[in-house]
Amino acid sequence: MNLFRSEEHVSRWALLNPAAAVEGLIPLADLAAWFGMESRRHLLDDDYLSRWYPERDRERRAAMEHLGKTTPFWLGS
Amino acid sequence: MTDARTLDRAFQFIMRRFADTGRGPHYTELAKAFGLPVEEGRQRLHDVVKAFSPSWLHPETDYLVSFPPFHSLPTQYRVTVDGQQKWFAQCGFEATAMTWLFPGKTVRVDAPCLDCGEPLAFEMRDGQFLRVEPATMVGHLNHPRIAGKDRLAFL
Numbered sequence: 001m002n003l004f005r006s007e008e009h010v011s012r013w014a015l016l017n018p019a020a021a022v023e024g025l026i027p028l029a030d031l032a033a034w035f036g037m038e039s040r041r042h043l044l045d046d047d048y049l050s051r052w053y054p055e056r057d058r059e060r061r062a063a064m065e066h067l068g069k070t071t072p073f074w075l076g077s
Numbered sequence: 078m079t080d081a082r083t084l085d086r087a088f089q090f091i092m093r094r095f096a097d098t099g100r101g102p103h104y105t106e107l108a109k110a111f112g113l114p115v116e117e118g119r120q121r122l123h124d125v126v127k128a129f130s131p132s133w134l135h136p137e138t139d140y141l142v143s144f145p146p147f148h149s150l151p152t153q154y155r156v157t158v159d160g161q162q163k164w165f166a167q168c169g170f171e172a173t174a175m176t177w178l179f180p181g182k183t184v185r186v187d188a189p190c191l192d193c194g195e196p197l198a199f200e201m202r203d204g205q206f207l208r209v210e211p212a213t214m215v216g217h218l219n220h221p222r223i224a225g226k227d228r229l230a231f232l
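Those protein sequences? They're chains A and B, same order as listed.
Under the numbering used here, the residues of the first sequence are numbered 1 to 77, in order.
Under the numbering used here, the residues of the second sequence are numbered 78 to 232, in order.
Incorrect hints may have been included.
What the hints assert, rightly or not - Partial selection, computed: residues in chain A whose CB lies under 7 angstroms from chain B: (1) MET1; (2) ASN2; (3) LEU3; (4) GLU7; (5) VAL10; (6) ARG12; (7) ASN17; (8) ILE26; (9) GLY36; (10) LEU43; (11) ASP47; (12) LEU49; (13) GLY76.
What the hints assert, rightly or not - Ranges between beta-carbon positions, derived for each pair: (14) A:LEU44 to B:GLY112: 20 to 26 angstroms; (15) A:THR71 to B:ASP80: 36 to 42 angstroms; (16) B:THR79 to A:GLU55: 18 to 24 angstroms.
FYI, nobody ran anything at the bench for these hints, they're computed from the structure.
Glycine residues also receive a C-beta, built at the ideal position from the N, C-alpha and C atoms.
Generate coordinates for the entire structure from the input sequences, incorporating the hints supplied.
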């Protein structure tokens, strides 16, 4: 889960998993949308763990669907 | 089994400690903060880590390493707030969530590109990008997500 200067830099990365060369790419703006979903905005709430943390899996799936990343690679196996 | 309210309080103590200092607490500090015997503080740390994935202790220790979006050990993702660089993000993806821990402040993330070592950086405030250098910056997931094995994804 890393950041690179561009897609070209990803393709040249010495540790690149070839199976993830294209499928593993995600624009920075999409990352911010994913990691800016509602539950992330309450990390400093007193009831975060019981109230908001349980929402994260549902939110992650919704984000993945919104971003068109619905393969097992992104959704998990 | 620790009840939900107790876990909430311990979670918040840890998260705020990271936000304030850039490091997680030792379990003795958790014990002291909640008036617990030391061993109960240790157990509470384990309970919170178990309840909050993907956080983890250093293998075979009771030292808290990762508590997303924060990371006690240095990563390549250095976080600066108010001109102070004292935080590290767990990974590049979690780096974009740092903004929510510092409301109203400009959060800057600096990192070297793992391909060339040249710098990349972005600034956010309250979830909005203020600056991205270079504009071509992208995220990359190198291994498929496997339920229960989130740590693999950080490689």
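Here's how the hints hold up against the structure:
1. MET1: Status holds, d = 4 angstroms.
2. ASN2: Hint holds; ASN2 (chain A) Cβ to chain B Cβ min 5 angstroms, cut 7 angstroms.
3. LEU3: holds (4 angstroms)
4. GLU7: Hint on GLU7 (chain A): holds, closest Cβ of chain B at ~6 angstroms, below 7 angstroms.
5. VAL10: Where the cut-off is 7 angstroms and the nearest Cβ of chain B is about 5 angstroms from VAL10 (chain A), the hint holds.
6. ARG12: Holds, because the Cβ-Cβ distance from ARG12 (chain A) to chain B comes to roughly 5 angstroms (cut-off 7 angstroms).
7. ASN17: holds (5 angstroms)
8. ILE26: holds (4 angstroms)
9. GLY36: Holds, about 5 angstroms.
10. LEU43: holds (6 angstroms)
11. ASP47: holds (5 angstroms)
12. LEU49: With Cβ-Cβ at 4 angstroms, under 7 angstroms, it holds.
13. GLY76: With a minimum Cβ separation of about 4 angstroms from chain B (threshold 7 angstroms), the hint on GLY76 (chain A) holds.
14. A:LEU44 to B:GLY112: 20 to 26 angstroms: holds (23 angstroms)
15. A:THR71 to B:ASP80: 36 to 42 angstroms: Distance hint for THR71 (chain A), ASP80 (chain B) holds at roughly 39 angstroms.
16. B:THR79 to A:GLU55: 18 to 24 angstroms: Distance hint for THR79 (chain B), GLU55 (chain A) holds at roughly 21 angstroms.
In this structure, every one of the numbered hints holds.
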